[in-house]
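Asker: Next come the chains, spelled out residue by residue.
2 protein chains.
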Amino acid sequence: MVSSSNSPAASKPVAQFYYELLTLGDELLLGLTANGHLTFVGAQLGRRGVTLRRNITITDEADAIVAQFRESWSRADVVITTGGLGPTCDDRTRECIAEVLGQKLVRNAEIEASIEARFERLGRKMTPNNLKQAQVFERGEVLINANGTAPGLWVEQDGKILVMLPGPPNELQPMFTEQVVPRLAARGLLTEREAYVQIRTSGVGESALETKLQPIFDRFGTALSIAFCAHSGHVDCRLSSPNGQLDDPRLRAVAEECAALLGEDFVCYGHDPLARVCADLLRGQEKTLACAETASGGLLANSFTDICGASKFFSGGVVCYSNESKMQLLDVPECLLAQHGAVSAENAVAMATGAAEILGADYGIAITGFAGPCGGTAENPVGTFYLALHAPHGVWSKKLNYPGPRTTVKVRAVNAALDWLRRELVRAGRGAVTAPLGARQ
Amino acid sequence: MVSSSNSPAASKPVAQFYYELLTLGDELLLGLTANGHLTFVGAQLGRRGVTLRRNITITDEADAIVAQFRESWSRADVVITTGGLGPTCDDRTRECIAEVLGQKLVRNAEIEASIEARFERLGRKMTPNNLKQAQVFERGEVLINANGTAPGLWVEQDGKILVMLPGPPNELQPMFTEQVVPRLAARGLLTEREAYVQIRTSGVGESALETKLQPIFDRFGTALSIAFCAHSGHVDCRLSSPNGQLDDPRLRAVAEECAALLGEDFVCYGHDPLARVCADLLRGQEKTLACAETASGGLLANSFTDICGASKFFSGGVVCYSNESKMQLLDVPECLLAQHGAVSAENAVAMATGAAEILGADYGIAITGFAGPCGGTAENPVGTFYLALHAPHGVWSKKLNYPGPRTTVKVRAVNAALDWLRRELVRAGRGAVTAPLGARQ
Chain W
1316 MVSSSNSPAA SKPVAQFYYE LLTLGDELLL GLTANGHLTF VGAQLGRRGV
1366 TLRRNITITD EADAIVAQFR ESWSRADVVI TTGGLGPTCD DRTRECIAEV
1416 LGQKLVRNAE IEASIEARFE RLGRKMTPNN LKQAQVFERG EVLINANGTA
1466 PGLWVEQDGK ILVMLPGPPN ELQPMFTEQV VPRLAARGLL TEREAYVQIR
1516 TSGVGESALE TKLQPIFDRF GTALSIAFCA HSGHVDCRLS SPNGQLDDPR
1566 LRAVAEECAA LLGEDFVCYG HDPLARVCAD LLRGQEKTLA CAETASGGLL
1616 ANSFTDICGA SKFFSGGVVC YSNESKMQLL DVPECLLAQH GAVSAENAVA
1666 MATGAAEILG ADYGIAITGF AGPCGGTAEN PVGTFYLALH APHGVWSKKL
1716 NYPGPRTTVK VRAVNAALDW LRRELVRAGR GAVTAPLGAR Q
Chain F
1316 MVSSSNSPAA SKPVAQFYYE LLTLGDELLL GLTANGHLTF VGAQLGRRGV
1366 TLRRNITITD EADAIVAQFR ESWSRADVVI TTGGLGPTCD DRTRECIAEV
1416 LGQKLVRNAE IEASIEARFE RLGRKMTPNN LKQAQVFERG EVLINANGTA
1466 PGLWVEQDGK ILVMLPGPPN ELQPMFTEQV VPRLAARGLL TEREAYVQIR
1516 TSGVGESALE TKLQPIFDRF GTALSIAFCA HSGHVDCRLS SPNGQLDDPR
1566 LRAVAEECAA LLGEDFVCYG HDPLARVCAD LLRGQEKTLA CAETASGGLL
1616 ANSFTDICGA SKFFSGGVVC YSNESKMQLL DVPECLLAQH GAVSAENAVA
1666 MATGAAEILG ADYGIAITGF AGPCGGTAEN PVGTFYLALH APHGVWSKKL
1716 NYPGPRTTVK VRAVNAALDW LRRELVRAGR GAVTAPLGAR Q
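So the sequence lines, in the order shown, correspond to chains W and F. Going by the numbering used here, the first residue of the first sequence is number 1316, and it counts up by one from there. Going by the numbering used here, the first residue of the second sequence is number 1316, and it counts up by one from there.
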């Protein structure tokens, strides 16, 4: 643990440090951009034993920034700012904070050169206002920006820590995990490892999950702290021991007991998305997958191809919006579409089998339906989806209905398909290859 | 315009009223739930001439709520709170704020009856803690909750307005648009209609855009207010006239002058995503589109299928991860893949043409590349993408390189492909069918 006279005394539990997040930018207050920085930084800190105490979003006005930063700096041990480090006239964070801290801004020739090089690489002409981004604090460190022009800044002063991050998420996020978290951990302001054990579940609601697990939790009383969080497609349950009465192996043992009780409703420990859990199962069993989609329109394929090395298990996918494309690409018979329609169990099965056979994959998964708001029939209203799963030992389909806006409904259908595949792969891994529950052959 | 001795004097432009939003809840600070309330309320106010001045998110602790509300109430004309009105022990907003305002909480028999009726209708047993939600301020109005049990509250006191809203978005949002906005507009605290014009641009960075448009802006001085917002793939520029010196037609005329100067870099007025702009151009020209993807893995297809009625212009897409799938689904010749590899201009062109021909579409667009972090070659390192555009009058390819994490790189490649298609469709609509700039045949 490194300590410095300019840092907060790292002599108390990390949970007691006061972290405050200042998110700057009119675009947040005007609702043009969601405040993903709060979600990201809050989650990162939460996983390492710190609850962010306050998030304040203010406009880009200099007076507001100066007044707010002065207040936050007087109150918190660690202040994190996002945004306002860019090249335009409404990027004022650097100057305003320098004023409060009594710091000089100085030119950094190395950053100037890297900004110029970046523009050259992208083949764009650099306007002079871009060099504003090479202004750094006289007493502080530079956080390298691998994905953009504005570097981040790290300052230790007045027994406190200031972290200034650029606004674009693809610049801020790697900077935070790779440069800020290790620096904070080294100073004892964060736990090195995750401070809780998370169980990810699916197929069971938040309150039913609590009821099911309560007999286990009851044995530990106040030594165990439980938090539930429902997402679209899964519910997380976090176990922690706020006063350290249960050590890590003990906490892990409780989590394993919960997982065993949940059976197939247990998805994983931690934060892996369903697609990654499926990918790991496929790789472990040396099986491949293909998919075919109408209404989900590429979202299922995209969830697999977000995983690096997807080509090892993912043969490919087809988004077959027109009947012609179903026939051309997947060999769905014209008479089947004429008799049953594109939104039918029969077509879902033909799509899943077609995708698996044409792409030479072991598993095929298909989604067809009406995502709305237009479309739908009396028998299959908007929100109706047919899923089909083609496995080495058979093929099944399922009918579902989801209310809600188009993009939400697409996500739900994809999550349902992923969870179905996951359960089937878990059974196949155990050698239990009966028809999945709730499915009809 | 209604005015009251207890309301802010509605004698100044709406932009000068100080609005503050207090979002309550540990789940926001832990990053478990995105702060959609800021996005929603901010956008609602922004469209009606008000920039939300500050958003503060704090924990559910009573002390923190009391201290923060006291500060906000002393500063703002309008304070809006979200969350903490529910039935459980961590719902403390009502009690804390009543304390600061010196108001009594009283039982409201009508709300009690409606809560009981709601439980009966849903066939659920009501626990007594639910009646806590029927406690309202002695001096204030109730905002009916059509979608839940906790009503909202409206208070006019000390020349200020307090709006308290429940946390669930499906309860808060209709309550805000249907009950809160009309009340605020009637008191002259919001404009009745939208208050700015937004220009969406692409292909030009934020700073270059400012430099280019500055000569136009300079003619209007302080009568015109400008805000820029960079997104992945486009930059928005919002024009408004904070003191009303430029009326709506004048503002629109300035925007049209900017659009004319920007030429093809002008995407649209308003908030349409690139895929929707392409969709409108395709529908307007009665053309259809097919796509083929490797590294972007379905994200391009998904951006089109997020649009309701996509089947009118989108024939379908193929995610061809394996070489076999490129040959099987798109007729890419085996010798081409052997000679040039899958990440090559030649393969991109073959994929675009194959998709258009097999799916019977007028345009075909293809993306192939290395999204990373694994993969890549010396010639084509991670982040290298080849795009190809097959149009009725020819086919072209482009090589690009993007740094960054996998999911970001995928988004950027898709945005580049969409913007290329958009420019080509704009030219085709004008009858200018030369090769797109920056492309090689």
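Hints were generated in silico from the structure; no laboratory data involved. It is possible that some hints are incorrect.
No distinction is drawn between identical chains; accordingly, a pair holds when it is met within one copy or between any pair of copies.
In silico lysine to any residue, SDA-like type, Cα no more than 25 Å apart, as pairs [unchecked claim]: (1) K1527 / R1407; (2) K1475 / K1602; (3) K1713 / D1473; (4) K1527 / A1432; (5) K1714 / C1404; (6) K1602 / G1690; (7) K1475 / L1437; (8) K1714 / A1660; (9) K1419 / T1526.
Asker: Measure nothing new, just compare the shortest in-copy and cross-copy C-alpha distances for K1475 and K1602 to 25 Å and report within, between, both or neither.
Answerer: neither (52 Å within a copy, 60 Å between copies)
Asker: Between K1527 and R1407, at a C-alpha cutoff of 25 Å, which is it: within one copy, between copies, both, or neither?
Answerer: Cα proximity of K1527 and R1407: across copies only (21 Å, versus 51 Å in one copy).
Asker: Could you place K1714 and A1660 in one of the four classes (within, between, both, neither) given a Cα distance threshold of 25 Å?
Answerer: within (7 Å within a copy, 42 Å between copies)
Asker: Since the copies are identical, ignore which copy is meant and state whether K1713 and D1473 lie within 25 Å (CA to CA) inside a copy, between copies, both or neither.
Answerer: Answer is neither: 62 Å inside a copy and 52 Å across each miss the 25 Å cutoff.
Asker: Checking an output row: K1714 and C1404, CA cutoff 25 Å. Within, between, both or neither?
Answerer: So K1714 and C1404 fail the 25 Å test inside a copy (55 Å) and across (33 Å) alike.
Asker: With identical chains, the pair K1419 and T1526 could be close in the same copy or across copies; at 25 Å between alpha carbons, which is it: within, between, both, or neither?
Answerer: neither (57 Å within a copy, 27 Å between copies)
Asker: What label fits K1602 with G1690 when the C-alpha limit is 25 Å: within, between, both, or neither?
Answerer: between (36 Å within a copy, 21 Å between copies)
Asker: Between K1527 and A1432, at a C-alpha cutoff of 25 Å, which is it: within one copy, between copies, both, or neither?
Answerer: Answer is between: at 22 Å across copies they meet the 25 Å cutoff, but 58 Å inside does not.
Asker: Evaluate K1475 and L1437 at a C-alpha cut-off of 25 Å and name the case that applies: within, between, both or neither.
Answerer: Neither way: K1475 and L1437 sit 38 Å apart in one copy and 51 Å across, limit 25 Å.
Violation of the numbered hints given earlier is confined to hints 2, 3, 5, 7, 9; the remaining hints are satisfied by the structure.
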